[in-house]
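J.: In case you want the letters, here they are:
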Amino acid sequence: MNRYIKGRVWRFPENVDTDQIIPAKYLVTGDRQELAKHAFENVRPDFTEHVREGDIIVAGKNFGSGSSREHAPRALIGAGIACVIAPSFARIFYRNSINIGLPLVECDVDVVEGDILTVDFENGTVVDMNTMSEYSFHPLPDFLMDLLEFGLIENTKMKLERMKSR
Amino acid sequence: MGMTIAEKILAIHAGRESVSPKEIVDARIDYVMMNDVTGLPAFEVFEEFRTTPISEKSVLIQDHYVPNKDVASAEQAKAMREFARKYNINNHFDVGRGGVCHQIMIEHGFAAPGRLIVGADSHTCSYGALGALSTGIGSSEAASAMATGELWFRVPETQKFVIDGKPGKYVMGKDMILYIIGDIGVSGSLYRSMEFYGSAIESLSLSDRITISNMAIEAGAKCGIIPPDDKVFNYLKNRVIGEYSPVYADSDSEYEDTFEYDASEIKPMVAMPHLPENTIPASEIDVQIDQAYLGSCTNGRIEDLRVAAAILKGKKVHPDVRMIVVPASKNVFLQALREGLVEIFMDADAYVAGPTCGACLGGYMGVLAEGERCISSTNRNFIGRMGHKDSYVYLANPAVVAASAITGQITDPEDLEVGRT
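As given, the protein sequences belong to chains A and B, one line each in that order.
Going by numbering that gives the first Met the number 0, the first residue of the first sequence is number 0, and it counts up by one from there.
Going by numbering that gives the first Met the number 0, the first residue of the second sequence is number 0, and it counts up by one from there.
Derived from the structure by calculation, the hints contain no laboratory data.
Using N, Cα and C, we set each Cβ at its ideal position, and we do this for glycine too.
Any given hint might turn out to be false.
As the list claims (entries may be wrong) - Capping the alpha-carbon separation at 27 Å, the derived lysine-lysine pairs in BS3-like fashion look like this:
no.	chain 1	residue 1	chain 2	residue 2
1	B	LYS168	B	LYS315
2	B	LYS165	A	LYS36
3	B	LYS85	B	LYS68
4	A	LYS36	B	LYS77
5	B	LYS159	B	LYS266
6	B	LYS85	A	LYS163
7	A	LYS36	B	LYS388
8	A	LYS156	B	LYS56
9	B	LYS56	B	LYS165
10	A	LYS163	B	LYS159
11	B	LYS236	B	LYS329
12	B	LYS21	A	LYS156
13	B	LYS7	B	LYS168
14	A	LYS158	B	LYS21
15	A	LYS158	B	LYS236
16	A	LYS158	B	LYS7
17	B	LYS266	B	LYS165
18	B	LYS85	A	LYS158
19	B	LYS77	B	LYS21
20	A	LYS156	B	LYS388
21	A	LYS36	A	LYS5
What the hints assert, rightly or not - Chain A is nowhere near these chain B residues, computed Cβ spacing over 12 Å in every case:
no.	residue
22	GLU47
23	ARG84
24	THR134
25	LEU150
26	ALA309
27	LYS312
28	LYS315
29	ASP348
30	GLY383
31	ARG419
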């Protein structure tokens with residue numbers, strides 16, 4: 000994963016639930032691209048048409064609340080979202096995202112839709128290139144950073160190897 | 000320093016003397032559950048590990064879109080069937096054998112005090128009512144847990160909720176948890192463990208306690224645990240699989256917060272669209288409804304059906320309302336038949352269906368059209384949750400659902416009883 004990214008902002012309110020990210024009626028596949036076609040269909044019908052690879056979602060608190068569907072972060076990755084920034088995330092969404100490689104930043108930033116942001120995961124900073132406002136966040140603990148980088152699948156494979164050699 | 004229930008269960012399963020909030024630990028899990036929606040992605044991930052699952056710890060339950068609503072969901076259910084067959088997973092509950100996954104996990108004795116259970120469904124937190132630490136995870140994690148028997152956990156801070164006092168006649172576990180969520184908000188317990196105490200909690204049936212633990216996730220919590228007592232131990236007799244050891248908090252355990260409530264002040268509550276925190280007493284609402292839904296892992300148990308049937312007996316569902324009753328499991332359905340409840344519902348013009356998650360998540364069997372309003376015993380009222388993006392779900396207890404079905408508008412059963420509607 001890139002430890003430094005630059006992308007365009009999509010602004011969302013607080014308490015965006017997983018039913019908004021991907022409505023339940025589409026939960027008949029695990030395919031990222033297929034799921035991405037319906038991301039935010041009910042609440043932001045313009046999203047799928049205009050989203051670009053590398054865009055960044057900036058939301059209010061409790062992003063990803065509701066169901067355990069891993070389909071939600073899968074849909075966002077499929078849509079090309081590089082990172083989600085919010086003051087807080089629902090816990091299952093948080094785990095799912097880190098496990099499958101969608102970077103999350105817990106940070107309260109005051110930016111508007113269309114702004115260009117840079118995110119430095121190493122140093123824990125977000126900069127709004129339009130206003131030059133800078134925000135800082137706590138970088139992930141090492142364990143979660145590794146998980147984000149390698150993914151739960153690789154992490155599990157390594158664990159299985161360790162278990163075998165015990 | 001002492002530990003809370005969640006801390007203690009995690010410490011035991013991580014093979015540690017003690018753990019502290021915010022620590023990340025690898026812990027041994029007792030069971031990992033998947034449903035037909037979250038199963039497929041888990042099975043795809045699992046194949047990458049080139050190993051066999053720990054089959055006795057894996058539980059597969061078909062409930063979200065079965066009987067299948069379309070070809071895609073049929074393929075998904077088939078994938079679960081084939082995975083179970085391929086790896087000899089006996090704990091596979093197919094159509095006609097099970098029901099809504101959390102009801103099955105409890106009824107069939109997987110859930111028990113002191114256990115650490117994960118499930119690829121957010122309402123896995125339900126088993127906290129039996130003193131387990133149970134929590135929702137994603138599909139990749141479920142695959143990982145099936146392969147290794149372990150998973151990473153961040154040790155949660157614990158909040159203590161104390162409810163004393165005597166609840167009113169039609170006040171149920173649902174109203175208590177809605178009242179709490181109304182107070183602390185949908186992220187009021189984010190990442191936290193909720194622990195419930197007090198005389199009102201002790202007086203509740205296990206079924207009502209399950210409703211409370213079930214909706215802990217609606218406050219953002221990792222789990223919602225109630226210290227197990229004789230009601231739990233008696234329920235588990237001749238039911239539980241294997242041995243179990245109850246876990247209680249130490250007297251010097253540390254809580255991040257303590258919240259106290261008086262049950263006598265809690266009325267039958269309704270959560271208005273589109274968040275479970277938008278709660279107001281049912282008696283203060285003036286809303287016409289198109290549908291009344293009774294079912295789900297939250298309120299689809301025999302106790303819930305009894306409460307609704309007592310109100311509906313000898314009455315008719317309002318001509319402008321469809322009432323849909325979905326028992327949470329085959330066993331609940333059978334018991335309702337034996338007790339004559341199904342007849343009461345059907346005589347009242349309600350539609351009674353076999354167990355499924357169905358309309359709770361807007362899948363099928365009661366999806367709402369544009370502009371329609373549903374009073375529902377389920378757990379979520381998000382935008383588009385039960386169908387059209389401009390439809391409206393009002394969450395309430397089974398008594399409010401039944402009373403509202405009769406009057407055609409959201410009704411406090413107490414008002415129906417005294418003829419105030």
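J.: With reference to the structure, classify each hint as holding or not holding.
T.: Status of each hint after checking the structure:
no.	hint	result
1	LYS168(B) to LYS315(B)	holds, 22 Å
2	LYS165(B) to LYS36(A)	violated, 51 Å
3	LYS85(B) to LYS68(B)	holds, 25 Å
4	LYS36(A) to LYS77(B)	holds, 24 Å
5	LYS159(B) to LYS266(B)	holds, 22 Å
6	LYS85(B) to LYS163(A)	holds, 22 Å
7	LYS36(A) to LYS388(B)	holds, 17 Å
8	LYS156(A) to LYS56(B)	holds, 19 Å
9	LYS56(B) to LYS165(B)	violated, 40 Å
10	LYS163(A) to LYS159(B)	violated, 41 Å
11	LYS236(B) to LYS329(B)	holds, 20 Å
12	LYS21(B) to LYS156(A)	holds, 26 Å
13	LYS7(B) to LYS168(B)	violated, 36 Å
14	LYS158(A) to LYS21(B)	holds, 22 Å
15	LYS158(A) to LYS236(B)	violated, 37 Å
16	LYS158(A) to LYS7(B)	holds, 25 Å
17	LYS266(B) to LYS165(B)	holds, 11 Å
18	LYS85(B) to LYS158(A)	holds, 23 Å
19	LYS77(B) to LYS21(B)	violated, 40 Å
20	LYS156(A) to LYS388(B)	violated, 41 Å
21	LYS36(A) to LYS5(A)	holds, 23 Å
22	GLU47	violated, 6 Å
23	ARG84	holds, 20 Å
24	THR134	violated, 8 Å
25	LEU150	violated, 9 Å
26	ALA309	holds, 32 Å
27	LYS312	holds, 34 Å
28	LYS315	holds, 32 Å
29	ASP348	holds, 28 Å
30	GLY383	violated, 4 Å
31	ARG419	holds, 35 Å
Going through the hint list in order, the structure does not satisfy hints 2, 9, 10, 13, 15, 19, 20, 22, 24, 25 and 30.
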